[in-house]
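Protein sequences appear in the order of chains W and R.
If you read the first sequence in my numbering, its first letter stands for residue 1, the second for the next number, and so on.
If you read the second sequence in my numbering, its first letter stands for residue 1, the second for the next number, and so on.
Think of the hints as simulated: they come from the structure by calculation, not from any bench.
Being a predicted model, the structure only gives us computed values, none of them experimental.
Take the hints with a grain of salt, since some may be wrong.
Claimed, not checked - Just some of the chain R residues that point at chain W, by a computed CB distance under 10 Å: (1) 23; (2) 30; (3) 71; (4) 75; (5) 79; (6) 82; (7) 100; (8) 133; (9) 235; (10) 270.
Claimed, not checked - Chain W residues, not near chain R, derived (Cβ > 12 Å throughout): (11) 130; (12) 139; (13) 192; (14) 193.
Said to hold, decoys possible - Derived PhoX-like pairs (lysine-lysine); straight-line CA-CA distance at most 20 Å: (15) W:264 x R:98; (16) R:7 x W:9; (17) R:58 x R:254; (18) R:6 x W:101; (19) W:135 x W:264; (20) R:67 x R:289; (21) R:4 x W:106; (22) W:103 x R:7; (23) R:7 x W:106; (24) R:58 x W:232; (25) R:6 x W:103.
Here a beta-carbon is modelled for each residue, glycine too, at the ideal position from N, C-alpha and C.
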Amino acid sequence: MQGKRRGIKSYIGEILMLGICAIFFIPFYYLIVNTFKEARAATISPMSLPIKSFTLDLYKKAFDTINFWSSFRNSLLITVISVTIIIVFGSMAAYVINRHKNKLTKFLFIYFLIGFMVPAQTTLIPLFNMMSIFKLQNSVLGMIVLYSSWCNFAIFMYQGFLGGVPRDLEEAARIDGAGLWKMFWHIVFPLLKSVTITIIIFDVMWIWNDFMMPYLFISSSSKFTLVMEVYKSVGEHASNWTVMLCTIVIVLVPITIFYLFMQKHIIAGITSGAIKG
Amino acid sequence: MKLKIKKELPYLLFVLPAFLVYTVLTMIPLLQTMGLAFTNWDGYSLRNLKFVGFDNFKNLFSDRSMKSSLINTCFYSLIFPVLATLFAIPLSLALNSKMKTRNLQRAVFFFPSVPSAMILGYLWAYILAPTSNGLLNKFLGIFGIDPVLWLAIPKWAMFSVMMVNLWSAVGWHACIYLAQLQSIPAEYYEAATVDGASSWQRFRYITFPMLSSAMTVSVMLLLLTSMKLFDLPFALTSGGPGTSTTMISHIIIKTGFVEKSYGKAMAMSVIFFIFIALVSILQLRLMKKREVE
Numbered sequence: 001m002q003g004k005r006r007g008i009k010s011y012i013g014e015i016l017m018l019g020i021c022a023i024f025f026i027p028f029y030y031l032i033v034n035t036f037k038e039a040r041a042a043t044i045s046p047m048s049l050p051i052k053s054f055t056l057d058l059y060k061k062a063f064d065t066i067n068f069w070s071s072f073r074n075s076l077l078i079t080v081i082s083v084t085i086i087i088v089f090g091s092m093a094a095y096v097i098n099r100h101k102n103k104l105t106k107f108l109f110i111y112f113l114i115g116f117m118v119p120a121q122t123t124l125i126p127l128f129n130m131m132s133i134f135k136l137q138n139s140v141l142g143m144i145v146l147y148s149s150w151c152n153f154a155i156f157m158y159q160g161f162l163g164g165v166p167r168d169l170e171e172a173a174r175i176d177g178a179g180l181w182k183m184f185w186h187i188v189f190p191l192l193k194s195v196t197i198t199i200i201i202f203d204v205m206w207i208w209n210d211f212m213m214p215y216l217f218i219s220s221s222s223k224f225t226l227v228m229e230v231y232k233s234v235g236e237h238a239s240n241w242t243v244m245l246c247t248i249v250i251v252l253v254p255i256t257i258f259y260l261f262m263q264k265h266i267i268a269g270i271t272s273g274a275i276k277g
Numbered sequence: 001m002k003l004k005i006k007k008e009l010p011y012l013l014f015v016l017p018a019f020l021v022y023t024v025l026t027m028i029p030l031l032q033t034m035g036l037a038f039t040n041w042d043g044y045s046l047r048n049l050k051f052v053g054f055d056n057f058k059n060l061f062s063d064r065s066m067k068s069s070l071i072n073t074c075f076y077s078l079i080f081p082v083l084a085t086l087f088a089i090p091l092s093l094a095l096n097s098k099m100k101t102r103n104l105q106r107a108v109f110f111f112p113s114v115p116s117a118m119i120l121g122y123l124w125a126y127i128l129a130p131t132s133n134g135l136l137n138k139f140l141g142i143f144g145i146d147p148v149l150w151l152a153i154p155k156w157a158m159f160s161v162m163m164v165n166l167w168s169a170v171g172w173h174a175c176i177y178l179a180q181l182q183s184i185p186a187e188y189y190e191a192a193t194v195d196g197a198s199s200w201q202r203f204r205y206i207t208f209p210m211l212s213s214a215m216t217v218s219v220m221l222l223l224l225t226s227m228k229l230f231d232l233p234f235a236l237t238s239g240g241p242g243t244s245t246t247m248i249s250h251i252i253i254k255t256g257f258v259e260k261s262y263g264k265a266m267a268m269s270v271i272f273f274i275f276i277a278l279v280s281i282l283q284l285r286l287m288k289k290r291e292v293e
């Protein structure tokens, strides 16, 4: 009897939660549904399904006005290369800081920690000046260089994780006469796989979604990232808001695919970060 | 001596790349900002550089939009972390239940933190619009409520930024709590139930204290992101109406890159840095104290 009553109670709870989920999802429903309607039809009934006035022309229009493939390539290049650099530089530095403790490495750890307190905005003006001196302004390479300096987050995460990795294997390799470089990449780095995935996920999401850096450092549209395409389109499609919504959907496709593939790791990653933090 | 250097060299080379990019692109610009904030730097050359003392800071405090952005950021970073925590903890409790659809629920609540905040800002600008495509006003209209100018009245504009930010961040922060919830041993609850504890008592004396380390992480993240908030108000309200949703990070970019008043922008940056550093140090202190206890 009691079990049955509890069953009904949890059933109600589940329906309630699904209702809240539905409300939570409305903005995305609104976004998608209206991309298949002409602006006028969408304005009259923004919540209706696009049955009477179904059209795919808007996607065509949106696709024609943005430089999807060029911007996608830029976003991809910037994200993949800078995240790779962050992983390589960050893991190496963290390894030395964790395993080779002396006054210098202790100082370095604090030195890298200070970076968390430095908001990007405080360094922007001198950085802008520096980038133009080195002719790295308005270039994909420049963006990669800029994002690579975000390696302190990776150092922090790796440093924490390394504390729980046993040293036996490294010592065995040392005795066998392996150098630091070989030992690190062949023996230690493979053990860091789970934290590496977490760092990759966080950094991919930050860098791919970042707007401030390309907004300030990129001026020509051939160097735009995907997020910049949305910013540019706002002015162009001011009168035709459903085309603008199409642009948003198109731009969201790659990161959504990334999310769907990595979903399990993302939630697990946040979890592991929280427990260690 | 020579031998020692030879032994240390590989280790130094391992740290060197990270040290170089970080120093050149973060620490040197930071020091430059700190130094140049006290000069009349024109943004291009270091010739004709003159030390002007606290002039830039004085100009700053006589500028009304600067003052209001400082107040906005303080207000936002006081209110938003509390608000988000009040929603994230109950959400994590709900998501921790044994419902059949819980994975779907987690995915839905988490999804708004996937797209760039800038894009979400533009999307919500349509939803909050006073015109007939504005979904929220249309919905309120069903109940006979007159359209609210969500983005055109200062207090509602600030409310809207917070609401959209809450919608996009709450799932992420619920995940942080969720992890910790799953690590609480079930025996604690069993024992409490045997002792006749009510469900509120179980939350108050078991769940809540056990969530403390997740809370430190979550609140710290919320504080930092609130203080640095830029993309969302930029897209949603462009800082308006007037300066009612202009944040510090926005005003630094506006004065530095649009108006090209470098001195003022850098003076603001220095204040911003001190502000964030103080809050982080305070937070770290509290964290240490808690761990000791």
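So, going through the hints one by one against the coordinates:
1. 23: Because about 9 Å separates residue 23 of chain R from the closest Cβ in chain W, which is inside the 10 Å limit, the hint holds.
2. 30: 5 Å, holds
3. 71: 17 Å, violated
4. 75: 18 Å, violated
5. 79: Hint on residue 79 of chain R: violated, closest Cβ of chain W at ~19 Å, above 10 Å.
6. 82: 19 Å, violated
7. 100: 7 Å, holds
8. 133: 5 Å, holds
9. 235: 8 Å, holds
10. 270: 7 Å, holds
11. 130: Non-interface label on residue 130 of chain W violated, nearest chain R Cβ at 7 Å vs cutoff 12 Å.
12. 139: 15 Å, holds
13. 192: 14 Å, holds
14. 193: Per Cβ check, residue 193 of chain W is outside 12 Å of chain R; nearest 19 Å; holds.
15. W:264 x R:98: 18 Å, holds
16. R:7 x W:9: Since the Cα atoms of residue 7 of chain R and residue 9 of chain W sit roughly 67 Å apart, the hinted pair is violated (cutoff 20 Å).
17. R:58 x R:254: It holds: about 19 Å lies between the C-alpha atoms, which stays within 20 Å.
18. R:6 x W:101: 17 Å, holds
19. W:135 x W:264: 41 Å, violated
20. R:67 x R:289: 34 Å, violated
21. R:4 x W:106: 19 Å, holds
22. W:103 x R:7: 16 Å, holds
23. R:7 x W:106: 18 Å, holds
24. R:58 x W:232: 36 Å, violated
25. R:6 x W:103: 18 Å, holds
Violated hints, listed in ascending order, are 3, 4, 5, 6, 11, 16, 19, 20, 24; each of the other numbered hints is respected by the structure.
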